[in-house]
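Asker: The whole structure should be built from the sequences, with the hints applied where relevant.
Those sequence lines, one after another, are chains X and W. The first sequence lines up with residues 1 to 226 when you count with our numbering. The second sequence lines up with residues 227 to 556 when you count with our numbering.
It should be emphasised that the hints constitute simulated quantities derived from the structure, not laboratory data. One or more of the hints may lead you astray.
Stated by the list, open to error - Derived SDA-like pairs: lysine to any residue, alpha-carbon spacing no greater than 25 Å straight-line:
#1 W:Lys-438 x X:Tyr-14
#2 W:Lys-424 x X:Leu-43
#3 X:Lys-91 x X:Leu-43
#4 W:Lys-424 x X:Gly-125
Unchecked claim - Here are the computed distance ranges between Cβ atoms for each label pair:
#5 X:Glu-40 x W:Asp-442: 48 to 54 Å
#6 X:Arg-71 x W:Asp-353: 32 to 38 Å
#7 X:Gly-69 x W:Ser-529: 53 to 59 Å
#8 X:Glu-215 x W:Val-536: 34 to 40 Å
#9 W:Arg-555 x X:Asp-139: 34 to 40 Å
#10 W:Gly-443 x X:Leu-45: 18 to 24 Å
#11 W:Glu-264 x X:Arg-15: 28 to 34 Å
#12 X:Glu-97 x W:Pro-553: 26 to 32 Å
#13 X:Arg-71 x W:Arg-488: 56 to 62 Å
#14 X:Ala-191 x W:Tyr-271: 31 to 37 Å
#15 W:Arg-229 x X:Asp-48: 20 to 26 Å
Please read all numbers here as calculations on a predicted model, not as lab measurements. All C-beta atoms, glycine included, are put in the ideal place defined by N, C-alpha and C.
The primary structure of each chain is shown beneath.
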Amino acid sequence: MRSEVGEGGTRVIYRGAEADLLRGRWCGLDAVFKFRRPFEYRLKLLDDAIRRQRTAREAEMIHDAKRSGARTPLLYFVDPANALIVMQWMKGRRLKEAVSSLPLEELERVFAELGGEVARLHASGIMHGDLTTSNVLLDNVDDKSNDKELTLIDFGLAIRTTRLEDRAVDLRLAKETLTGAHSEVASKAYAALLEGYGGEVGPGEVRDVTRQVAEIERRGRYARVE
Amino acid sequence: MGRFVVGIERTAHTFSVAVASREGKILSDVREVYTPPEGSGIHPYLASLSHVKAAPRVLRDALLTSGVAQGDIDAVAYSMGPGLGPCLRVGAVVARTLALSLAKPIVPVNHAIGHIELGCLLTATEDPLVLLVSGGHSMVVAFSYGRWRVLGETLDLTLGQLLDQFGRHAGLSSPCGMQVERAASMSSRFIPLPYTVKGNDVSFSGILTTAKRLLDGGEGFGDICFSIQETAFAMMVEVTERALAFTGKKEVMIVGGVAANRRLARMMELMTRRHSASFHVVPLRFSGDCGSQIAWTGHLAHSKGVTTSVEEASTRQSWRLDQVDVPWRE
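Answerer: If you want it as structure tokens, here you go:
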């Protein structure tokens, strides 16, 4: 990434699987520069197309999500050809890092809030597409008196959809991440997530979507009931 | 007191018996591979028939070439699942018979975990992030809290099925992986195919449908093979990288039949290099299904008291690896 993009003092704050995040200033604002770096292993033709498409997609979906009332960063600048997005700097830690340190009660409250947030996205026709604990920022983690504030990030795989299947895919990924990487709290966290989800869209809807999650799991390799 | 475990693998096209020592030495590994006619896949019943015939010879050869005396055998391990019903049952019958005649305990082994544990033994990895790619699996797996956990997987076809089904559509005989790889290596013309990553998971069915249509429409076989590999492998490597970034594991290992593909291994290596992790490929001879994976994992399980009775030694066609408790780790 070229250093002249920012206004000086830009520094790398995170190297993810897909993108590097740099923190710097943009028109006087505290900003994050998200750069989808090229993958050496991927054919250049394919790689360029995917990075361009996901950058454009992410910008579009952050915009839509914001309009639906979700807490997401503000967009400052988008350059799909260079796979670059400049957006608002958000305070907080990744939920992934906070999971193990939160007391159970707090953890459940956070996941219920996340469930509500996801439900609101779904209700406005947006599927996040990448609901892992890496893609949720948690503010006020260490502040016991305040409610935790959640920010959803990384909308590169998000789509506009109202299909039950897509909503279920979203929740299944959250479940997979919890079981795969946070096994010790997985069932309680997922139950809280569903409770928060149901609180927003009602019990009938949550029944439908969890039934569909089970259906997707049954389709999994070697998962069918004998 | 014995020192060796006999492993019987029988889940799909391979019938294999191996003998492994407690120290992880493979003393014998004899195999019989069923090859279906050109253009068709494994017929489970026909495959099981062919292996019923081969069973006595494979068993005898494995036991004789190992040079192990009956009294030195600890246990008889077999692949309980997952896999094709008729094939699994042949393996279970052989295992029960052998266990009864030797009067040794019988140890059920999950085939997928067999791939992983043998891979760990042969590549000397301790706690790797595993990419398991074969005809039955396409999964990213890591160990945590007593089990191998799935961090990403295919939502429909496996990589092995994708390569096989496309190869068969072109008139080849299963398994087609090597022929597809050879054809792909002679092309560099890329035809776009559906690149479907859903979070941690992938879907290959769109690639297969499109690839078949392209072949029927007259596109070159090699060009399509090249495009399938570049697209499908990149998807798989992308979700592996996500899991690697997420878990921060220090070792990455690729196992299963498709681990034999050099392009996939190369892509994985390029990806791993960017992270502070070492990269390991299971040796070619042990990438596909083999008795060794069952013998070695059988030993690990047996060392923690995992056994079953002859009456209970049945088969499980559906038996996900994340349902299996793994007491020999941690």
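Asker: All hints, please: hold or fail.
Answerer: So, going through the hints one by one against the coordinates:
1. Proposed proximity of Lys-438 (chain W) and Tyr-14 (chain X) is contradicted: the alpha carbons are some 41 Å apart, above 25 Å.
2. With a C-alpha separation of about 20 Å, the suggested pairing of Lys-424 (chain W) with Leu-43 (chain X) holds against the 25 Å cut-off.
3. For the given pair, Lys-91 (chain X) sits about 36 Å from Leu-43 (chain X) by alpha-carbon distance, which is inconsistent with the 25 Å threshold.
4. Simply put, Lys-424 (chain W) and Gly-125 (chain X) have alpha-carbon atoms about 17 Å apart, close enough for the 25 Å limit, and the pair holds.
5. For the pair Glu-40 (chain X) and Asp-442 (chain W), the supplied restraint of 48 to 54 Å is violated, since their beta-carbon distance comes to about 34 Å.
6. A C-beta distance of roughly 36 Å is found between Arg-71 (chain X) and Asp-353 (chain W), which places it inside the suggested range of 32 to 38 Å.
7. Checked against the hint of 53 to 59 Å, the C-beta distance between Gly-69 (chain X) and Ser-529 (chain W) comes to roughly 56 Å, which is consistent with it.
8. Distance hint check for Glu-215 (chain X) and Val-536 (chain W): the Cβ-Cβ separation is about 37 Å, which falls inside the suggested range of 34 to 40 Å.
9. Under the hint 34 to 40 Å, the C-beta atoms of Arg-555 (chain W) and Asp-139 (chain X), about 37 Å apart, fit the expected range.
10. Between Gly-443 (chain W) and Leu-45 (chain X) the beta carbon distance is about 21 Å. The supplied range of 18 to 24 Å therefore holds.
11. Range check, Glu-264 (chain W) to Arg-15 (chain X): Cβ separation about 48 Å, and the 28 to 34 Å hint is violated.
12. Separation of Glu-97 (chain X) from Pro-553 (chain W) is about 30 Å and conforms to the stated range, judged on CB atoms against 26 to 32 Å.
13. For Arg-71 (chain X) and Arg-488 (chain W), the Cβ-Cβ distance of about 46 Å falls outside the hinted range of 56 to 62 Å, so the restraint is violated.
14. Taking 31 to 37 Å as the suggested C-beta distance range, the pair Ala-191 (chain X) and Tyr-271 (chain W) does not conform, at roughly 44 Å.
15. At about 57 Å, the CB distance of Arg-229 (chain W) to Asp-48 (chain X) disagrees with the hint of 20 to 26 Å.
Consistency note: the structure conflicts with the earlier hints numbered 1, 3, 5, 11, 13, 14 and 15.
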